[in-house]
Amino acid sequence: MPTYTVLAPAGQFDSARKAEIARNVTRVHSEVTGAQTFFAQVVFHEIGAGDWFMGGVPLAGDQVYVYGHIRGGRPKEMKAKLVLGLRDVVQAGADVEKSKVWVYLVELPPSHMVEYGHMLPEPGEEAAWLAAMPAEDRTMLEAIGR
Amino acid sequence: MPTYTVLAPAGQFDSARKAEIARNVTRVHSEVTGAQTFFAQVVFHEIGAGDWFMGGVPLAGDQVYVYGHIRGGRPKEMKAKLVLGLRDVVQAGADVEKSKVWVYLVELPPSHMVEYGHMLPEPGEEAAWLAAMPAEDRTMLEAIGR
Amino acid sequence: MPTYTVLAPAGQFDSARKAEIARNVTRVHSEVTGAQTFFAQVVFHEIGAGDWFMGGVPLAGDQVYVYGHIRGGRPKEMKAKLVLGLRDVVQAGADVEKSKVWVYLVELPPSHMVEYGHMLPEPGEEAAWLAAMPAEDRTMLEAIGR
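Chains as they are written, first to last, in numbering that gives the first Met the number 0: chain A, 0 to 145; chain B, 0 to 145; chain C, 0 to 145.
One chain only, chain A, in its complex shape (with noise of 0.2 Å):
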């Protein structure tokens, strides 16, 4: 039930690093939360050269920068094992170093998400969530990432 969106400079990542990424943040994202990892969407954007700034001058050299949404209600213990895990499997993903890597995380009430067109649960309901989804749908969620 989370977004995750990673921003790199353009031509840093091939199809393989992105893929290996994608798996392992939404991986962590389960582990830690204990979400089913169907919950997990991860999105890439590339960043042109010149349009990347950090400390008011162009970035040189690689950064790898993920912000996520994330559904509110958990333990900041959770949060701060999630944010570091997601650094770690980033950092190792994207083979920079650890000083390359930014990663923030933004709550949301989950009545303030939509996710395979239903509303979402307070964290610990998603067995009922499913349970009460029409047949079709928790089938096809179920099957996601299989």
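For the record, the hints were derived by calculation from the structure and aren't laboratory data. Incorrect hints may have been included.
One copy or two, it doesn't matter: identical chains are merged, so the pair holds either way.
[To be verified] No more than 25 Å apart at the CA atoms, straight line, and that leaves these computed lysine to any residue pairs for SDA-like:
#, residue 1, residue 2
1, K80, A131
2, K75, E124
3, K99, E45
4, K97, I46
5, K99, M132
6, K99, R22
7, K78, A18
8, K97, E135
9, K75, S14
10, K75, P109
11, K99, A59
12, K99, V88
13, K97, A142
14, K78, E19
15, K78, V105
16, K99, P109
17, K80, P109
18, K80, K97
19, K97, V42
20, K78, A9
21, K75, H44
22, K80, S98
23, K99, L83
24, K78, P108
25, K75, E106
26, K99, G10
27, K97, A126
28, K80, F43
29, K80, G10
30, K75, P122
Once you have looked at the hints, place chains B and C on chain A.
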């Protein structure tokens, strides 16, 4: 007084669909919240093949993801109506199944928002805000979308 | 410790304007909040013709939309000064009328933010945070933007 960003796979929407979605997103926002239509900004991002992942695997098929930044301070029922109304017009405008639509709403304090060069008023104080504005700016605003 | 994303119609800004806007956004953020300039990241997105709508109709003419993600915990007056200061430097740098400028600020808890590989400190605790960092990372940070 919102900005809605609409992501879809590159080529999924032609100009006519984008215009219809923008028009209906703007209309729903105005009808549900009571805010004038000139406050709504809608921006489309087309996402290239290989840049979008669901559940850790590449996106297959249609998808539309809308995230809005709106003024905070509105009742929960109004926001639920908004998020579901947005889902419905986006589904219709995009001509996709309901399960292909994601919508997120992020609330901001009005004092964190400048539109048309002016810091925004609290919900319900739009009329006084417009009345206090230089006549030239008010005329410009009221002409938008007419 | 903010990220500012700047949207403008494709071709509205040349490289020199982008550099000037990035430099001044970074400077205003630092002057108003007291945070060091190396914390500011600015990313430009150029939006194609037909992808931007205002009040439900296609954008006509100039427009600049800046949305920032900043650390929470600052006083309201500081944030008002920041949002208006950003408006002013963006207007000047873009050379457009004030009515063409939109600015949004989203606040995040510092513990939801990793920059340069490190989870961010609360506002005002930057010096201790830097002092506790490996010397190599601190030197790298302090060299940015110099």
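**Study point:** Non-conforming hints, listed in increasing numerical order
**Key:** As far as the earlier hints go, 9, 20, 21 and 29 are violated by this structure, in ascending order.
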